[in-house]
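Student: Chain by chain, the residues:
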Amino acid sequence: MTFSPNLEANINEAARLALCFSSKLVLIHVGEASEKKSSSFLKYLKAFESEGLKFEILYKSGDPVNVILSSTEEKNIDLLVIGALKKENFLKYYLGSIARKITRQATCSVLLLINPSIERVPCKHIVVNGLKDPKTKETVTTAFLVGHKLGADKITVVEEIDQEEVSVNIDDDKSLRKSTIIKERLRVREEARVQKILSTIPDDFTKKMIIKSQPIFGKRGYSIGHYAQVARADLLVMNAPAKMTFWDRVFPHDIEHILTELPTDVLIVQ
Amino acid sequence: MKTKEKPFVGFIKTLPKNMFSGLVVSLIALPLGLGLAMASEAPPIAGVITAIVGGVIVSILGGSFVTISGPGNGLVGVVLIAITTLGLTATYAAIICSGIILIILGFLRLGKLADYFPSSAIQGMLAAIGLIILGKQFHIMLGNKIIKDNGIDYLLEIPNTIITVFQFQDKSLIYAAVAGVLSLGIMVFYSKIRNKYLQLIPAPMWIVIISVGFSYYYELILKLPNPIAANYMIPEIPNIQEIVTNIPTPNFEVISTLPFWSSVIALTLIASIESLLSIKAVDKLDLLKRRSNVNKDIKALGLATVVSGFLGGLNVVTVIARSSVNVNNGGSNRSSNLFHALFLVVFILLFSTELTRIPLTALMAILVYTGYKLAAPDVVRRIFTIGKEQLIIFFATLFVTLKVGLISGIVAGLITTFIIHIVVNKSIALFIKNILKPNVLMFKEEDGSYFLSVKHFCSFLNFNILKSKLEAIPEQSDVVLDLSLCGFVDHSVMENIHDYQELFHKKGGNIGVIGLDVLGTKSEHPFALRRLLPLQNIIPDNKTRRQKNLELLANEFELEYSPLKQRKSLFLENFIYFKTKKIEHTFNQLSGKNDPYQLFDITFSEGEFIAKEVVRSTMLYIKTPPNVPVFTLDREGLLEKLYSLAGYKDIDIKNHTDFSKRFYLRGEDPQKIRALFSDQLVRFFESNSYYHVESSRDGLLIFSKERIASIKEIKALLDFGVRLNSIINKD
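Same order as they appear, the protein sequences are chains A and B. Here this note's numbering is used: the first residue of the first sequence is 387, the next is one more, and so on. Here this note's numbering is used: the first residue of the second sequence is 5, the next is one more, and so on.
Worth double-checking, as some hints may not be accurate.
[Claimed, not checked] Pairs of lysine to aspartate or glutamate residues, derived as DMTMM-like cross-links and limited to a Cα-Cα distance of at most 25 Å, are as follows:
hint, chain 1, residue 1, chain 2, residue 2
1, B, Lys471, B, Asp290
2, B, Lys511, A, Glu642
3, B, Lys471, A, Glu442
4, B, Lys437, A, Glu642
Honestly, the hints are just simulated from the structure, not real lab data. If you're wondering where the values come from, they're calculated on a predicted model, not measured in any experiment.
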């Protein structure tokens, strides 16, 4: 937690989430402890305390990235909540450099909030990735769990299919027909894969939910964000990236795209 | 076997038509080929060789269907410079090299190179080429050969030449000038005289026929020598034996010099741009609506250029004017291109000596006319209506091309366009940050239509991303192109989108562009560039294409259209759907004085303050008598919670289990609702496409998706509403 105009909203969001999942809230503040700071934190937390929120405030000085990462490991934290910044005059959001570093290196799941709010805004539509990846099954399950807890109405599983899988170059009518057929085949294949994952999810989570699956041919990581924006999703759930190197940042892919232009709230499942 | 046979039979059936069309095209290609070659200071026969080689090779190996290949207008300027700086034989070497590069480009699938040039810059370049041709040949047309440094000087000399003509003492020069002026007259007035027999032979051929006839008249009847000065006649045309024995050897000695490679690059660049533009334009004319394989065509053109270079010809390109003549005369496949080449061979075999009877001035008149067409004032006027900034790009390209050269010209055009885009947006970051991002999202919606959304900006710099997505959609499909997440769309993109709209329309599909209404522009032209203007209200004068279509739609349904933002939205507040939403305004309204219908785009927001999310959507409102009960009909049950909060119950309709299964019907008063949902109404909902329908105390609200609808979707929505109204309001 830092002292920004969003402080109250950030605390409220985090506290609500903690209550929702009946877990403990740990507020990490990078800096010296002081009476003044504590009292302002407590002021905001008071309302939630009566509802049964357990919380702890940590004060630690040092490099923010290291402090936060080490504390998450120390305290065995499951979910890290980070607020994003909003560009002035534009409805565009981005992550600060510290938040980005944390997101890349975190060993637990991370929730990036683009517009934390003091009052609760219902989460209606969740978009989750359905990539062909061993992590996907857990990510989708998590999405349903979160959706269930937050009372979402609709979950869309987006399968991003790399353009390269459609091995036909479109030159004329004939090759266009061919590529359309291949695409259709890929769609069916991906659809079947997603359905298989969906069948493993407990009925309790899926009961009241509208479930849609949407294949997209496009750039991995980027198009799902774009889709979430177009579909006006409230939360985007993604797999955690594989270990990243310097070059991944120079030639951004997957999650890096999402970090540069946050389309909506993003949950990265570790 | 049958399937194999059919196309072949069809091919044989169309052969006579293609042969005729090939003949007509060859009648134009002959004089034009001679003229273009002479304008580039190559031997006149080089142009004919180019057309023959191009016709044969491209018709066999090419990937397009009704195009004609041969020497191009655009290349005149480049070849001219190459010949003056390198000499003729080294120019042949440069032509061969550019052919090889073209083949490589074809294999690397870089046929899309021309997509990266802004269209106003290309227009400027073409106009400059037109002026180069016009400026140089104008003097020859009037019998006043002069040599100047660059294109502008030639143009400035034009008044002097006109004065000189009136001071001619030499009668033979006067004859030459008169032949030129008359020929120009034929070119200009030919299209204005609509006579069936006259139009059988193309104008350039009339010039050839008349001048050859004139020459014979003097020789055979008057027994006098031709009165036109001998140095203004076409020089010796070699006969076929001479052509074969005198094939020039390309000179590769200068291959390591800079001017050689700058010529090669210019040749390649212009050849590919001219070919690609022509292929694109000709595809639009194709009656069978086939899609050309551009890369295959580029490879064939490259190979043809290499062969042509070795045989003493020029660059082979796809040419628009001859191709459209081909389509107009019934050319339907590549055989017409082959026939055009074969007829040219026949002409050279039979009439090579007769061709020397054509005055040079007459031939140059054809070129002057072609040049004028490229740089006509119409072009400038059209660009001006698109926007003043396009005019700046146009003239910047034009002047640099004339003053310095083609490559510098096109580079200047690119830079000017980019600078203008930065100035218009007052931001360079928009472009730098987002240029490499794959900013186009495409997916297929459940109803089988395609949805495309473009983010950040869309200009000539990244149009290829959008293009490749559009190319991958079968043209029979319905497409919705959403530009509302785009802060800036430039003229090249608008024009290209329009081309795609036409293409899809022709093949039975449809592209609806949405989201443009929020982007502002200063021009009235539909292709004008647009950018996000946050505080601007829509001025009635600069309507988008969608708005114009809405206007037409309003006329069709006898409704009134108003594009202005309106804040009177009280009638919507009663709907449960809007209970948690804040309506900002409605715009693009279609309504009638006596009709109960009201169709509009609406901007509303969900949530408040930081969580505020602005949504734009198209909806239809129908006023109903107050006895219609409050209900809501939905398929996804999205607003279930909201309705249960409002005390609504699920309602089943007896004897219609399928309907009850497919739709969520809810309301306060089950009895009244069951009474309303008669068999007729239930069947109506079952048999029509799905819409969200909601009734308040005195009105119905109908919409399908929570976004702005395309014109086609609006038509369907209106139609649905009208029919629904006729069932509900029948008493």
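Student: Run every hint past the structure and note whether it holds.
Tutor: The hints, checked one at a time:
1. B/Lys471 <-> B/Asp290: holds (20 Å)
2. B/Lys511 <-> A/Glu642: violated (40 Å)
3. B/Lys471 <-> A/Glu442: Violated, because 54 Å separates the two Cα atoms, which is more than 25 Å.
4. B/Lys437 <-> A/Glu642: Judged against 25 Å, a Cα distance of about 14 Å means the pair holds.
When each numbered hint is compared with the structure, violations occur for hints 2, 3.
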